[in-house]
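Please work from the sequences and hints to get the whole structure.
Here's the letter readout for the chains.
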Amino acid sequence: MFVFHTLALGDKAEDDIIAERYEEVRLKCLHLASRILGDQALAEDALHDAFAAVIVHREKYQSLPPEEFFRVIAVIVKGKCIDILRKNGRAELISTDEMDELPADKSANTEALALGELSLGRMTEYLEALDDISRQILLMKYVQKLSYTEIAETLGIKEKTVEVRIARAKQKIREQAPTKKTPPAAKGE
Amino acid sequence: MEITDEAFEELLRKAVIESFEQELAQIPPDEELRKTYTFSDRHNARMERLFRRKRMRIKPPQVFYSARAKTAAGYLRAAAAVVAVVVALSFGLLLTSQPVRAAVATTIAQWFDRFTRFSSEDIGEDSNENISPDIWRPEFLPAGFAEQETMVVGDITQTVYANAAGDGFTLTYSADSATAVNNDDIQYDTVTVGGVEYHIFMSTDELSDNAIVWLRDGVMFELHSQISADTLMAVAQSIKK
Chain A
1 MFVFHTLALG DKAEDDIIAE RYEEVRLKCL HLASRILGDQ ALAEDALHDA
51 FAAVIVHREK YQSLPPEEFF RVIAVIVKGK CIDILRKNGR AELISTDEMD
101 ELPADKSANT EALALGELSL GRMTEYLEAL DDISRQILLM KYVQKLSYTE
151 IAETLGIKEK TVEVRIARAK QKIREQAPTK KTPPAAKGE
Chain B
1 MEITDEAFEE LLRKAVIESF EQELAQIPPD EELRKTYTFS DRHNARMERL
51 FRRKRMRIKP PQVFYSARAK TAAGYLRAAA AVVAVVVALS FGLLLTSQPV
101 RAAVATTIAQ WFDRFTRFSS EDIGEDSNEN ISPDIWRPEF LPAGFAEQET
151 MVVGDITQTV YANAAGDGFT LTYSADSATA VNNDDIQYDT VTVGGVEYHI
201 FMSTDELSDN AIVWLRDGVM FELHSQISAD TLMAVAQSIK K
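These protein sequence lines are chains A and B, in that order.
Counting with the working numbering, you get residues 1 to 189 for the letters of the first sequence.
Counting with the working numbering, you get residues 1 to 241 for the letters of the second sequence.
Honestly, I wouldn't trust all of these hints.
Pair ranges (Cβ atoms, derived) [claimed, not checked]: (1) LYS160(A) with ALA165(B): 18 to 28 Å; (2) ARG122(A) with ALA165(B): 33 to 43 Å; (3) ASP131(A) with LEU215(B): 52 to 62 Å; (4) ALA45(B) with ASP16(A): 16 to 26 Å; (5) GLU150(A) with GLU6(B): 18 to 28 Å; (6) LEU64(A) with ALA165(B): 19 to 29 Å; (7) GLU147(B) with LYS160(A): 25 to 35 Å; (8) VAL193(B) with ALA129(A): 55 to 65 Å; (9) LEU215(B) with LYS60(A): 34 to 44 Å; (10) ALA45(B) with SER119(A): 45 to 55 Å; (11) ARG137(B) with ASP16(A): 29 to 39 Å; (12) THR36(B) with GLU67(A): 18 to 28 Å; (13) GLU175(A) with SER40(B): 38 to 48 Å.
No lab work stands behind these hints: they were computed from the structure.
Don't be surprised by glycine CBs; every beta carbon is placed ideally from N, CA and C.
Structure representation (C-alpha cells):
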C-alpha cells in the first residue's frame with residue numbers, strides 16, 4: 001500500500017476553543033496568581049501549567065460556558081500556585097500530623113452548633129481563617145466538583161490526606177462558630 | 001435548633017462558592033490589568049508552543065486516496081509517489097546546510113525508493129482497512145510521563161506521552177510512510193546504536209521541537225518533542241514491539 005503521512009495542522013477546532021478561552025482569561029488569571037505568588041514570572045508558570053493541565057483533559061473543559069470555564073481555570077491556577085509554593089518550600093501540603101488518622105470522631109463534639117448562629121456570612125469569614133491549601137481543597141471539591149480521588153490525583157497526595165484536610169477544615173470552622181453547650185449524657189442512659 | 005451535618009455541609013458549600021465568587025469579583029477589569037501586566041516573551045512563546053503542539057495531528061491521507069481513486073494506471077500511482085516526496089520536501093524541509101541536505105537527501109532517497117515500490121502495487125481505496133499494525137512502546141519514559149492518547153490512521157500510529165505539567169513528546173511510526181522534519185534552526189547529527197542509525201534534529205530555538213527519525217525492522221519511527229535530545233534518544237532506544 002501507499003500512504004503519505006505528515007504532521008500537519010489538522011483538526012484545530014477543539015484546541016482553538018481552549019486557546020480562545022486562554023485569551024479571554026489570561027490577564028485575570030495572571031493577576032490571581034501574582035497575588036498569591038508575589039512574582040509575575042512564577043505567576044506565568046502557574047498560568048502555563050494550568051492550561052497545560054486543561055489541554056491534557058480538554059474534553060472536560062472545552063464545552064464549559066465562558067463564565068464557568070473562568071471559575072474552573074481560576075481554581076486550577078490557584079492549585080498550580082500552591083504547587084509552586086510547595087516546590088519553593090513556601091507551603092507544606094502534608095504535615096506530619098495529617099499523615100495520621102482522621103479526628104477520632106467527627107461527630108463527637110460535645111458542643112453542637114446552633115443553626116441561627118452560623119450564617120452564610122459568618123461561614124465565609126471562618127473560611128478566610130483557613131490555610132491556603134485547605135481552602136484550595138474545598139474549592140476543588142465544591143467549585144470544581146472533583147471527587148476526593150480526583151483531588152488526590154491532581155495534588156499528588158493520598159486520598160486519605162484529602163479527607164483529613166477537609167475534616168480538619170470543617171472542624172476548625174465548627175470551633176470558631178458560636179456554640180451552645182450540649183449537656184453531658186446522664187449516667188445510666 | 002442545632003445544625004445538622006447535612007445543613008452544615010450545604011452551608012459550607014455555599015460559603016466556599018460565595019467566598020470564591022467574591023474573590024473573583026475583586027479582580028479588576030482587563031482594561032485596568034493591561035496597564036499593570038505585560039506578559040513576558042518567554043511566557044508568550046511557551047503558550048504559543050503549548051497550543052501549537054496540541055494542534056499537531058496526523059492528517060489522514062485523504063488527498064492521496066482521493067487522487068488514487070481517480071486513476072487506475074500504474075504510472076500515475078508512481079507519479080503520485082514522486083509528488084508525495086516533493087510535498088514532503090516542500091512541507092518541511094528548508095535545507096539550510098550542506099550536511100543536513102546530504103543526510104536528509106539520503107534518507108529521502110531511501111523513502112523515495114520505498115514509495116516507488118509501494119506505488120507500483122495495485123492497491124484499492126479500502127486497502128487500509130483491517131490493518132493491525134504492531135504496537136511499539138518505549139520501555140523508558142522520563143519521570144512523570146505517561147501515555148496519553150493514541151491515534152491510528154491506516155498503518156500509521158501516533159501516541160502522545162505527557163506529564164502533569166503538560167510537557168510531552170509524540171511517537172509516530174509506520175511501515176509505509178514518509179515524513180518531514182522541519183529543518184529551520186536545527187543542528188543535525190546522527191548516532192548509530194545497535195546497527196540503527198538515528199537522525200537527530202536538535203532545535204536551536206524555543207519554538208521548534210527536537211526530533212529523532214530512524215528506520216528499524218522496516219518501520220520508520222519519529223519522535224518529536226521540546227524535551228532534550230538526550231532524553232528523546234533514551235526513549236528512542238528503548239522502544240520495543
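Do the hints match the structure? See the list:
1. Against the hinted window of 18 to 28 Å, the Cβ-Cβ separation of LYS160(A) and ALA165(B) comes to about 25 Å, which satisfies the hint.
2. Against the hinted window of 33 to 43 Å, the Cβ-Cβ separation of ARG122(A) and ALA165(B) comes to about 39 Å, which satisfies the hint.
3. Judged by the Cβ atoms, the range 52 to 62 Å given for ASP131(A) and LEU215(B) holds: they are separated by roughly 56 Å.
4. A C-beta distance of roughly 19 Å is found between ALA45(B) and ASP16(A), which places it inside the suggested range of 16 to 26 Å.
5. In this structure, GLU150(A) and GLU6(B) meet the distance hint of 18 to 28 Å, their C-beta atoms being roughly 23 Å apart.
6. Checked against the hint of 19 to 29 Å, the pair LEU64(A) and ALA165(B) passes, with Cβ atoms roughly 22 Å apart.
7. Separation of GLU147(B) from LYS160(A) is about 27 Å and conforms to the stated range, judged on CB atoms against 25 to 35 Å.
8. Between VAL193(B) and ALA129(A) the Cβ separation comes to about 59 Å, which falls inside the hinted range of 55 to 65 Å.
9. For LEU215(B) and LYS60(A), the Cβ-Cβ distance of about 39 Å falls inside the hinted range of 34 to 44 Å, so the restraint holds.
10. Distance hint check: the CB atoms of ALA45(B) and SER119(A) are about 49 Å apart, consistent with the given range 45 to 55 Å.
11. A C-beta distance of roughly 30 Å is found between ARG137(B) and ASP16(A), which places it inside the suggested range of 29 to 39 Å.
12. A beta carbon spacing of about 23 Å between THR36(B) and GLU67(A) agrees with the range 18 to 28 Å that was offered as a hint.
13. Look at GLU175(A) against SER40(B): about 44 Å separates their beta carbons, and that is inside 38 to 48 Å.
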